[in-house]
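Kindly produce the complete structure, drawing on both the sequences and the hints.
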Amino acid sequence: MTDIVRKDSNERLSRIVIHGDTVYVAGVTSSAEGGIVAQTRDVLAKIDGYLARADTDKTRLLSVQIWLKDIERDFAGMNQVWAEWAPADALPTRATCEARLASPDLLVEIIVTAARRPG
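Taking UniProt numbering, I'd label the letters of the sequence shown as residues 1 to 119.
It is possible that some hints are incorrect.
Claimed, not checked - Straight-line Cα separation of at most 25 Å, DMTMM-like style, residue types lysine to aspartate or glutamate; simulated pairs:
1. 69 x 33
2. 69 x 42
3. 7 x 55
4. 46 x 21
5. 46 x 105
6. 46 x 84
7. 7 x 84
8. 58 x 48
9. 46 x 98
10. 7 x 109
11. 69 x 109
By construction, these hints were calculated from the structure, which means they are not laboratory data.
Listed below in structure tokens is the structure:
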């Protein structure tokens, strides 16, 4: 048995990598149309699904990287959705930066690292 598990792999990346008790989820973007609120909700819902596939959830988040197309315009809207989604008693470390994303329609990309559930 290997000590590294890779899920949803393709020619460029693995969507989920599990090493020991740590889960890494590759950058997640939105397939939803709309502004930053709609795209952030879509991304966080996808992250919930990926974490579930790795036997963990958002209460086990360790670190989050958030990339915004336009931080000045979209930071408040993203943060509004984040505050609704993130567990107040289990907040991870977090960084938010502005970046040129892979498509002009993308407004947000989020990368997460989490601990697996014990047992």
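Against the structure, the hints:
A hinted pair counts as satisfied when its Cα atoms are at most 25 Å apart, and residue 69 with residue 33 qualifies at roughly 15 Å. Of the supplied pair hints, the one linking residue 69 and residue 42 holds, its CA atoms being roughly 16 Å apart against a limit of 25 Å. Between residue 7 and residue 55 the alpha-carbon distance is near 12 Å, which keeps this suggested pair within the 25 Å criterion. The hinted pair formed by residue 46 and residue 21 meets the criterion: a straight-line CA distance of about 21 Å does not exceed 25 Å.
A threshold of 25 Å between alpha carbons decides the hint, and for residue 46 with residue 105 the separation of about 18 Å falls inside it, so the pair holds. Straight-line distance between C-alpha atoms of residue 46 and residue 84 comes to about 15 Å, which keeps the hinted pair within the 25 Å bound. Only pairs whose Cα atoms come within 25 Å are accepted, and residue 7 paired with residue 84 is rejected, the gap being roughly 28 Å. The hinted pair formed by residue 58 and residue 48 meets the criterion: a straight-line CA distance of about 7 Å does not exceed 25 Å.
Proximity of residue 46 to residue 98 is assessed by CA-CA distance (about 21 Å); at most 25 Å being required, the pair is judged to hold. About 19 Å separates the Cα atoms of residue 7 and residue 109, which keeps this hinted pair within 25 Å; it holds. Between residue 69 and residue 109 the CA atoms are separated by roughly 9 Å; this keeps the pair inside 25 Å, and the hint holds.
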